[in-house]
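In order, the protein sequences belong to chains A and B.
Sequential numbering of the first sequence, starting at 0, is according to numbering that gives the first Met the number 0.
Sequential numbering of the second sequence, starting at 0, is according to numbering that gives the first Met the number 0.
For the record, the hints were derived by calculation from the structure and aren't laboratory data.
In this text the structure is predicted, and so the values were computed from the model without any measurement.
Don't take every hint at face value.
Sample of chain A residues with no beta-carbon within 10 Å of chain B, all distances over it, derived [unchecked claim]:
#	residue
1	Y4
2	V62
3	G99
4	L140
5	R157
6	N206
7	M230
8	P236
In silico BS3-like cross-links for lysine-lysine, where the CA-CA straight-line distance does not exceed 25 Å [stated by the list, open to error]:
#	chain 1	residue 1	chain 2	residue 2
9	A	K123	B	K83
10	B	K83	A	K130
11	B	K55	A	K83
Note that CB positions come from ideal geometry on N, CA and C, so glycine has one too.
Protein chains: 2
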Amino acid sequence: MQLFYAPDIMPPLHTLGEEESKHCVRVLRLRSGGRIHITDGRGNLFCCEITDDNPKRCTVRVVSTEEGFEKMPYALTVAVAPTKNPDRFEWLLEKATEVGVTEFLPLDTAHSERHVFKPLRGEKVITAAMKQSLKAYRPTLLPLTPFREAVLRPFEGRRFIAHCAPARSPEGKAYLPDTLRAGEAAAVFIGPEGDFSPEEIDFALANGFEEITLGTQRLRTETAALVATVMASVVNPPKRRDL
Amino acid sequence: MQLFYAPDIMPPLHTLGEEESKHCVRVLRLRSGGRIHITDGRGNLFCCEITDDNPKRCTVRVVSTEEGFEKMPYALTVAVAPTKNPDRFEWLLEKATEVGVTEFLPLDTAHSERHVFKPLRGEKVITAAMKQSLKAYRPTLLPLTPFREAVLRPFEGRRFIAHCAPARSPEGKAYLPDTLRAGEAAAVFIGPEGDFSPEEIDFALANGFEEITLGTQRLRTETAALVATVMASVVNPPKRRDL
Numbered sequence: 000m001q002l003f004y005a006p007d008i009m010p011p012l013h014t015l016g017e018e019e020s021k022h023c024v025r026v027l028r029l030r031s032g033g034r035i036h037i038t039d040g041r042g043n044l045f046c047c048e049i050t051d052d053n054p055k056r057c058t059v060r061v062v063s064t065e066e067g068f069e070k071m072p073y074a075l076t077v078a079v080a081p082t083k084n085p086d087r088f089e090w091l092l093e094k095a096t097e098v099g100v101t102e103f104l105p106l107d108t109a110h111s112e113r114h115v116f117k118p119l120r121g122e123k124v125i126t127a128a129m130k131q132s133l134k135a136y137r138p139t140l141l142p143l144t145p146f147r148e149a150v151l152r153p154f155e156g157r158r159f160i161a162h163c164a165p166a167r168s169p170e171g172k173a174y175l176p177d178t179l180r181a182g183e184a185a186a187v188f189i190g191p192e193g194d195f196s197p198e199e200i201d202f203a204l205a206n207g208f209e210e211i212t213l214g215t216q217r218l219r220t221e222t223a224a225l226v227a228t229v230m231a232s233v234v235n236p237p238k239r240r241d242l
Numbered sequence: 000m001q002l003f004y005a006p007d008i009m010p011p012l013h014t015l016g017e018e019e020s021k022h023c024v025r026v027l028r029l030r031s032g033g034r035i036h037i038t039d040g041r042g043n044l045f046c047c048e049i050t051d052d053n054p055k056r057c058t059v060r061v062v063s064t065e066e067g068f069e070k071m072p073y074a075l076t077v078a079v080a081p082t083k084n085p086d087r088f089e090w091l092l093e094k095a096t097e098v099g100v101t102e103f104l105p106l107d108t109a110h111s112e113r114h115v116f117k118p119l120r121g122e123k124v125i126t127a128a129m130k131q132s133l134k135a136y137r138p139t140l141l142p143l144t145p146f147r148e149a150v151l152r153p154f155e156g157r158r159f160i161a162h163c164a165p166a167r168s169p170e171g172k173a174y175l176p177d178t179l180r181a182g183e184a185a186a187v188f189i190g191p192e193g194d195f196s197p198e199e200i201d202f203a204l205a206n207g208f209e210e211i212t213l214g215t216q217r218l219r220t221e222t223a224a225l226v227a228t229v230m231a232s233v234v235n236p237p238k239r240r241d242l
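So that you can see chain A by itself, here it is in the shape it has in the complex (with noise of 0.2 Å):
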């Protein structure tokens, strides 16, 4: 299966991009009447046939819709700081979004390593995940935002701190497998490279953020992060229909 991605795909016809139009009519050389698959990014699969290979404006038609193509069974936002090295911040975007994610949330943070941040190649990365992964949903990659201001954002689920200091809560830190509940909706809020300031964990906690621990490994921030989102996928198993 290939996968297109045009988020402002309007059924019956399309023409892609000229970038994906070579890949469609050069590089996989489809010709019209050829199928291929686009999605919107918002959960709708649409198999299209060609109907023009232009190589520069390549057209196609709609024959089918499938709506709501394999969602995921709970919502995940991932909060964390963007790393000192750009790289590993990409890297993350990528494997937490073959693996599943809703949303990623930059946070600026007291210790964090970068205040600006530019989403653009990170925006590339999460689309070339996306189709690379065969995923018709498309994890929305938030601006980088203030931890307070981030903590304050409504959110419908639970809302989880993971930080390597002592536990700053009566009730101690949870390991995120065991509190989190199949179909829950999560927020996780990751370290920076510095770690949350105590502070920024108190406003947390007062704020209605639950207390976490990944484990007693000590994992970079963007590992941390990643380790989040498999263990949230591990919480909602797939049905054994889908095996």
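Following the hints, put chain B in place on chain A, whose structure we already have.
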């Protein structure tokens, strides 16, 4: 804590190599009387006192030794074909070392992108990840091994093969986190970018392997290998007292 790696350390005295001496004395600005930790990568954590802060051959004296430092309660062999893009494989070595793995077994498979594997860079990545994540056990990077030889390799534990093709055994595929039990030693074989061949899958199954799935997502080979590594860690949750 500053962790140094010295596979050849012979207590009570040890002299750091030129690079680590420079890091210790010039970069960290540690002086005689200062403390550092050294691991031999075999589970021993040595707390050492600097006796000679020579920036080219810093000498230390072991003041205390902790054996089996943070030993994993399970053994995990991750067997995967080196990716076409070496960075992706090195990324896996780093991340899986952080999360926890016993040994990496690079596979030479029917659909492998690479039939030659130079371990030097990978070894460096593993050592750096071990030190960065403060581990005293260094994962072993085995040589590139032909698939059938890898299947026939003696292994004390359960052996799993993860592939994207329909199940080829009457039992079908199990979901790794459902079938793996805490404390079990496991070897997980991950399909290459072109997946395992039907013959390879059948050969593994005929030799005691169990078919597994890591879920319904379509994961890149290096992502799948890391996901399996995280799943094994989730199956072996931390003790309450460690949280």
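Hints, verified against the model:
| no. | hint | in the structure |
| --- | --- | --- |
| 1 | Y4 | 15 Å, holds |
| 2 | V62 | 23 Å, holds |
| 3 | G99 | 6 Å, violated |
| 4 | L140 | 19 Å, holds |
| 5 | R157 | 18 Å, holds |
| 6 | N206 | 22 Å, holds |
| 7 | M230 | 6 Å, violated |
| 8 | P236 | 6 Å, violated |
| 9 | A:K123 <-> B:K83 | 21 Å, holds |
| 10 | B:K83 <-> A:K130 | 19 Å, holds |
| 11 | B:K55 <-> A:K83 | 30 Å, violated |
In this structure, the earlier hints numbered 3, 7, 8, 11 are contradicted, and the remaining ones agree with it.
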